[in-house]
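**Q** Here is what each chain is made of, one letter per residue.
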Amino acid sequence: MMKNFEYLAPKTVKDALTLLAGDQGDSKVIAGGQSLLLLMGHGLVTPKYLIDIKGISSLNYLQKTQSGLEIGSLTTHRSVETSPLIRNGFCVLAQMEGALASLETRNWGTLGGNVCHADPKGDVCPVLIALGAKVKMISLRGERTMAVEDFSTGYFETALNPDELLAEIQVPNPAPRTGTAYHKFTMIEGDYAIVSTTVSITLDASNEKCKDARIVLGAVAPAPMRAKRAEKVLVGREIKDSLLQEAAQIASEEAEPVSDMHASDEYKRELVKVLVKRVGKEALEKAGMA
Amino acid sequence: MITKDLSITINGKQYRLSVGARTLLVDLLRNDLELTGTKVACDSGSCLACTVLVDGKAVKSCSILALQVDGRSVLTIEGLANGDKLHPIQESFVKNHGLACGYCTPGVIMSAKALLDENPSPTEDEVRHVISDHLCRCGAYPKIVKSVLEAAEIMRGE
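Chains as they are written, first to last, in the working numbering: chain P, 2 to 291; chain B, 48 to 205.
If you're looking for bench data, these hints aren't it; they were derived computationally from the structure.
Every residue gets a Cβ at the ideal spot worked out from N, C-alpha and C, and that includes glycine.
It is possible that some hints are incorrect.
[What the hints assert, rightly or not] Straight-line alpha carbon distances no greater than 27 angstroms define the calculated DSSO-like cross-link-like pairs of lysine-lysine that follow: (1) Lys49(P) / Lys104(B); (2) Lys51(B) / Lys15(P); (3) Lys132(B) / Lys65(P); (4) Lys190(B) / Lys12(P); (5) Lys12(P) / Lys122(P); (6) Lys142(B) / Lys29(P); (7) Lys193(B) / Lys12(P); (8) Lys190(B) / Lys4(P).
[What the hints assert, rightly or not] Listed below are several chain B residues computed to face chain P (Cβ distance under 8 angstroms; list not exhaustive): (9) Gly59; (10) Lys60; (11) Arg63; (12) Leu64; (13) Ser65; (14) Ala68; (15) Arg69; (16) Val87; (17) Thr98; (18) Val106; (19) Ser110; (20) Leu146; (21) Val177.
With the hints as constraints, model all of the structure from the sequences given.
**A** The structure is reproduced here in structure tokens:
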């Protein structure tokens, strides 16, 4: 049974920030609540004050600027999935969203809520990290931005201060000759990842050598993680199957999976090896066509 | 208990209610308003038996606080029929035996309604994609898909 709480529904960002500024450590922000209400139902999260920001329409937008995409934190997953703006250069976002839970969840759940929930098995953050996305956080003290990579600090933990609100997700335009691919390995469609892999590859001007690479693993560590040693294997070299194989092997050693009801840690390491190679190859093909 | 005022339209009828903060939309529907057509099965946000439409979009009423729906419009399975005349989707489920035990059926039909409102001519794959998220442990899926596709034809006037 859910513990009782006081429900507050500020109508403006300023009202929400004022409430958060007075937080004594017993408030929790709810957006779509698709994950939070489950935890509250089990008594795992028991706020005294629940601050519902879902109704603040000024945080619900998706727009293209010169430098990339700006997505308001209260934009629903479904809006991201179906936005014509993300078809150019950001298709991988639509692909990820299309496999996130069910349509019913995507219709109500928000991008910012998902990022702040910081579930190590979450779908959104690994892809945002591969795309080099940033988050903008606001409070009555001002605003700051941070790479999504640094925002997810651990198991259900983020760098957000108690008086701050996640306002916007900024996805930069991909560099020329960049391809990004994503695969989520699950038991059934729309389920949580057993392992997810996102690879982004940027080729140099000759279209032969790898100029930059990002390999992001989901569900194999307390937070989404970059396999940085594996990335280094690719950078500066011509990517062939054998090189991808080498990077995949190293990525599987970098991963820190734990066994659970779905799969053993050995099995997950093996999945990382298979997926980094497969997804890396797809990213490379896309980079060659970009 | 801490309660708040809630102004909500359900199946075309306006309500002004006083609702507890922790009341889920599904509990408001079933317990307070006795609209028990909407079901609770898994109680963990995974089965979609509790699906209703909020402002025309299919959502899980077990994963939304009633107060979050303030000022919005809700459609439940009870609001589909026109008096004694069943909605074409309901007719099609009856005709095609699109159910066995029937427990998941209200949720499935509401998702089908949202799908057909948005896309009157879905392919079989598109129907399967939407229906696959609903847990039907009788395994009535083939007849559910057939029911939805036939309902789409009827609603298109074919």
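**Q** Checking each numbered hint in turn, tell me which of them this model violates, lowest number first.
**A** 1, 3, 4, 5, 6, 7, 8, 9, 10, 11, 12, 13, 16, 20
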